[in-house]
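Generate coordinates for the entire structure from the input sequences, incorporating the hints supplied.
There are 4 protein chains.
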Amino acid sequence: MTVGSVTTAPRAQSAAERFLQVRGLTDLLASRLSAEDQVPQSMTAASPAAWHRAHTTWFFEEFVLGRVPGYESPEPIFRFLFNSYYEAVGPRQPRPERGLITRPSVAEIGGFRARIDEAVVSALEAGRIDERGLELLELGCHHEQQHQELLLMDIKHLFSHNPTDPVYVARDVDPSAATPGETDWLVVVEGVVQIGAEGDGTTRVATHPTGGTHPTSAAAPGGFSYDNERPRHRVWIPGGEVATRQVTVGEWKQFMADGGYSRPELWLSDGWATVQAEDWDAPGYWRREAEDGSDRPPGAAGQVDAEWTTFTLNGRRPVVDAEPVLHVSFYEADAYARWAGARLPTEFEWETATVGWEVRDELDPARCHPRSVTERTIGGVWEWTSSAYLPYPGFVTEEGAAGEYNGKFMSDQHVLRGGSALTPAGHTRHTYRNFFPAASRWAAAGLRLAR
Amino acid sequence: MTVGSVTTAPRAQSAAERFLQVRGLTDLLASRLSAEDQVPQSMTAASPAAWHRAHTTWFFEEFVLGRVPGYESPEPIFRFLFNSYYEAVGPRQPRPERGLITRPSVAEIGGFRARIDEAVVSALEAGRIDERGLELLELGCHHEQQHQELLLMDIKHLFSHNPTDPVYVARDVDPSAATPGETDWLVVVEGVVQIGAEGDGTTRVATHPTGGTHPTSAAAPGGFSYDNERPRHRVWIPGGEVATRQVTVGEWKQFMADGGYSRPELWLSDGWATVQAEDWDAPGYWRREAEDGSDRPPGAAGQVDAEWTTFTLNGRRPVVDAEPVLHVSFYEADAYARWAGARLPTEFEWETATVGWEVRDELDPARCHPRSVTERTIGGVWEWTSSAYLPYPGFVTEEGAAGEYNGKFMSDQHVLRGGSALTPAGHTRHTYRNFFPAASRWAAAGLRLAR
Amino acid sequence: MTVGSVTTAPRAQSAAERFLQVRGLTDLLASRLSAEDQVPQSMTAASPAAWHRAHTTWFFEEFVLGRVPGYESPEPIFRFLFNSYYEAVGPRQPRPERGLITRPSVAEIGGFRARIDEAVVSALEAGRIDERGLELLELGCHHEQQHQELLLMDIKHLFSHNPTDPVYVARDVDPSAATPGETDWLVVVEGVVQIGAEGDGTTRVATHPTGGTHPTSAAAPGGFSYDNERPRHRVWIPGGEVATRQVTVGEWKQFMADGGYSRPELWLSDGWATVQAEDWDAPGYWRREAEDGSDRPPGAAGQVDAEWTTFTLNGRRPVVDAEPVLHVSFYEADAYARWAGARLPTEFEWETATVGWEVRDELDPARCHPRSVTERTIGGVWEWTSSAYLPYPGFVTEEGAAGEYNGKFMSDQHVLRGGSALTPAGHTRHTYRNFFPAASRWAAAGLRLAR
Amino acid sequence: MTVGSVTTAPRAQSAAERFLQVRGLTDLLASRLSAEDQVPQSMTAASPAAWHRAHTTWFFEEFVLGRVPGYESPEPIFRFLFNSYYEAVGPRQPRPERGLITRPSVAEIGGFRARIDEAVVSALEAGRIDERGLELLELGCHHEQQHQELLLMDIKHLFSHNPTDPVYVARDVDPSAATPGETDWLVVVEGVVQIGAEGDGTTRVATHPTGGTHPTSAAAPGGFSYDNERPRHRVWIPGGEVATRQVTVGEWKQFMADGGYSRPELWLSDGWATVQAEDWDAPGYWRREAEDGSDRPPGAAGQVDAEWTTFTLNGRRPVVDAEPVLHVSFYEADAYARWAGARLPTEFEWETATVGWEVRDELDPARCHPRSVTERTIGGVWEWTSSAYLPYPGFVTEEGAAGEYNGKFMSDQHVLRGGSALTPAGHTRHTYRNFFPAASRWAAAGLRLAR
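In order, the protein sequences belong to chains W, G, H and D. Sequential numbering of the first sequence, starting at 1, is according to full-length UniProt numbering. Sequential numbering of the second sequence, starting at 1, is according to full-length UniProt numbering. Sequential numbering of the third sequence, starting at 1, is according to full-length UniProt numbering. Sequential numbering of the fourth sequence, starting at 1, is according to full-length UniProt numbering.
Just so you know, the hints here were simulated from the structure itself, not pulled from any lab data. What you were told as hints is all true, and nothing was included just to trick you.
For the chain W half of the interface with chain D, some residues (derived, Cβ under 8 Å), not all of them:
id : residue
1  : Ser34
2  : Ala35
3  : Asp37
4  : Val39
5  : Pro40
6  : Ser42
7  : Phe80
8  : Gln93
9  : Gly99
10 : Ile101
11 : Thr102
12 : Arg103
13 : Ser105
14 : Val106
Beta carbons are placed, not taken as given, at the ideal position from N, Cα and C, and that holds for glycine.
Put into structure tokens, the structure is as follows:
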């Protein structure tokens, strides 16, 4: 830190550390991928790993460095190539063609990352990033954390198409996990509750004079939040009960055994149409192995079902009953709940019920797969709620291009709450609103029941 | 009515009158259509008029007569042909192929209608329809009223593809309508409100000892309601304002003149993609006429815009500023609201705000098109709300096939409230929840702002 | 015929008789259809019966009456509605939307036909149709004959989608037909042959001074021919053998029993892809009935296979071994030939081999389905050849819009030769070149082997 | 070469040299591509460069080494991954998902190539490859040459989607090329000609005792030929004239200036539909640059048109009038010919006319783009003919999987003759039959007129 920037120095130092820590995790995750792995786009909704690495970098250049007087991009074409959907910023590479960009190379994208890292840190140290720039820097860190999860989801999707079943990170299945018993139910009392994040979403709001953060309550953290979590507002909750743990693989197999995928009365109309069009008969990435049981692991009886395998970032291996079910669409989650004589919680019930529950099973780069289900925790898998993704009352889109972050997607999607084993540590929070279309299966999504 | 059925007679007589009145309106609407007009299916989401006539009849045979001991259908194949989506009832003609059914003929479908009419009335008179059957008869009448509106929507869509611009019912444009001034805003106070219909939706609940119906309040009619309007429940409403009138054609033209269809920042992401994919630059059925103004009607200056015409059930004619805008999708309604610095109301705000407002501009078979916009009324055009179509807390699907009526469509759609100039008289009510996918434009849908 | 038009009278009378005869057959074929039957378009490649009736009429108005000085169309919109693909004539109703034209009504189209019939005959009698007009009148008659076959093909396709299995014309299956024995082979000697029609295709060319027609040879009729059959030219034919009869249903069942639809080595690459995409396992319109054999006709053993039924213009009924196989695509015909250790004939071999064979089994309106296979005849089913549909050397497109008749389709199609049981009497000839894309199955097409 | 294998040594040595030379060119062509460049599949019809490299290698392993007693593949999964369409060999990676195979890596594919190279040469030296194996080795070399051209075509297609306009090989445009004058016409006399390659396509047939090849005539080389070029057979050719040079870019610009892409009367029906669906208004890879002429090269007046640029393997640069037009579909070639008052030659006219013309402008790895048009040569661009791709009389598919090489594609394609600037030296020959669907534009295809 240069002498003289007395006032900004501590905060800049903290911001720089935070920034470099986030950036470093992306590099770690990408380090297991070859140049080849980083190029393809396995479906329109996914993106190449190289693109994730470049796009997150572009975000900092566009929104943070772009505010620094005199900053000029050394590679203006990157603004076109690695813009994602920010219409306000200008034209961009068509989304379905992201996988056709082989130049700049993966190494050049690494160089781009290094240059921007250095420019951001230098600007921070020089005190050349203004208040709004610091807010956008923080937003950029959260944006990059989101893309870390997307990178892993997308790589899993890509690798799943390779008949050689590539292993992203090697890890043995732990067959000793005890299958959880019947779920407990937490009573949610009827009445008005407060929902959403406090403040305006910047860390400043909650910055205590001592410099530490000061969350006003577990359910309403005063720290960073996305605009879609705000404003904090009142909601009337009807009385109900929320399950204290997620639905397991073992339970899902009972649903399957009971004809879950072949009984139209369990399904929403669009869901049933999707089941038939896509020939779904099990969660995403599951495959029924040959009858000879040749790949049944020794000693796995009980916990491990040799018949069904699933593709994971640890390679293909048998499904494990004690784990939360994963890669199910909203339609499947909804059908399961109906089969179980229950329903999905609303996002408001969810947020109310989970106050005080531990965030568990965030991203462990040595694992990249959920642990067994536990009681009264969140994490491991995202949880579908019955709520459509809509703006909170009083929602205000951020000004400028950053306003294209969340609000424009508020139609035709459902809210997921919690976080997954692919969500970077510290990114999961009780007010977080993730969202996907109802037919999506490539997110790390499972469910929790309500009734 | 036969002698002896003392107890059921008055109620049966009332039910029979109601039934025949509803059935008669369908016949009236169809009487303007040739046999040819009743056959085609102009898109998968639409149905042939003959199909509407037969399907509504099938409903009574399947659900009402099917309960009468000893009843046997004279044409069992009709159960297959005219089932719509009731999976529980058995297989059915694939929806996209409804327009290929030329036999039974339109006249034979008329005969089918007459036979079922007679069988229902006879069964009523003979007291052979039980309590549940009477409920389903009432449901069938509402079902048929819905299909009356669908029949008109679908005929409009069909006719709009005919270069000869067929006229369903002739009527002159009234150019004297005064364009409404600035809208007023009704304040909706923050707090808990009751939403939805009371009772269990059958007319019995609200039947007064004297035999008349007795709505408990304007906002909570004790009369018939669909299952999706129930149960009545509490909702917390944030404070806001709801416009006292609908958005007009004249206002929509300002949106268009201001580049509304070419500014991505006004649109939801899926909406903008739809605008580009469909080349939308005006509401559905609008067409810009040739520059020479050859079809400009004399003396139409001011109220009538010769440049844009719209196809109506009265034929193609210039758009009229004073009318409510019509045939806009949710995406367009949402973009318009954003352009206007406002937003769409939630369905809860809407239901709360419109209590006590007159239902105006229901179906007039001599008109079949909305009148000019008026203050503090509902009707004329359905109004998009910002609410996704989801079950109310405690929603219970009806048992049996009738349970497939509403609940299975509760995903990926938006709620519309009110009613339109195609909605049969008496069918519009404040708790009614209509629903369509966000990109739909063939419904008679407009909007009202909130802020 | 008016007095005074001495010279043209006999020819005009003959032309008028011919014209009215052709027109009358269309009316006869349509007379079995309700108004409803005449409206739908069951796929883009098909057209409504009403459209066929109007389009053939339009042809005479556009090309024949349009040449008569002072003629004015009473319904100019019909030019737009019933033009098919003649780009030179102006815009037209989009092909996939032909089934949405419910007005003019079927009765009005009948009136249109009557008016044009009368106008043509009057103009003939008045000697107001010039030489070129007479040629186009003859072309129009052949054009209408083609559409008579298309009308029947398209009605069959439409009716096949109706679960009630409508009967176009009732007729019992004749189970006594003897299955033909092994086919004989006709040797075609290597060398140069003459292929195609003589003259310029007008009947004048071959008009003998006495007024009769004068075919120069069986293979080179001097009568009417389409431009695509001309000019007559030399082709070198390699030596080969052509089967003296068509492939039968019984033989096709052996192909199926031998795994014909599941052995990729028998198929062209595009053919195999089509088999898999369309789930083909039998010819078009075939359906395997339920195991209980409930619809097995008594005494049908041997000739009639109760397991497979086929939809015909006589309704649905069991397939009959002795009939020619029908509704197979080029891909299937080619695969069958490979399975049989043979091949399809070229169109030149076909034309050479069939010289002198009787034309048999043309359209009998009381039958509308092929008779049993016979030796050394053509007709019953169109026969796929191995030849692509390409212009003959020296092919010259007719001038003006009539030039859009054949030439513009000379790519991506295969030639069929012969005629079918739906081809109007007199329309089948040895030089005739029919053509369809390789995947088409709704034509009345079968095959004959060569080797 | 090992001592002792006296008999086979000379031939084996020659085969090994030939083999290594072909394999080396692939390596050279790939050496300009990064690992990233070799992964994506830019459309279903194209393949990744890495796939081309592996698939050609697989061919030798499958068909040549597979015959060597005791040979075992070290990587059996490669048989699945890099099989292309050989149904007889077993299942394979779905074609549209070739671009998702990132493992094995590009380096591992290089290792695979090296191992197979070594195994083939060792087996040759050891005399362990039998007669049929030698034939298949030769077939494999030609197969790899074909894929060398495909690799370049596909890379061009991929790079064309990259906004940075990557350069495969740098080369300046030569603006001094003189635009050729009016074409001359070569008279082709009516009569019977011999078409196709002699022998059975193996080099043995034509191997002279001295060891040199001994083509029996220019038009009927006794050397290698594909099965689709055989058997040599008689064809009757009508009299005509064939242009002595190809159509140039300058001529094509006249076609465009004359409204070529907007006049339906010039087009086949399917062609016109494609023009409209694809918005074609110029050859593939052409783009009209901004009006300001900012990228007009200095001094380029006359030869170089600054308005239109084209993407080449040398990067994007202005089109050059003297070059043959390139990347036109059959539909465009056919429309151009009609506009020019001419037609395309048949493949038989082409083969007859070009006897004795020099093969010029084959692949120069330092250029990879056609030179200016010259008289009485072939090469530079493939030339569309009017002939559909069909089997020659007496065509016999090779036995076994190698029989899937050509014959199964004999439908729905057109023949191209000659060779292009991407065709490896020695691969072009007068009897060669290339083929593509009529709408294809990514091949290096132009045209030559006939009349």
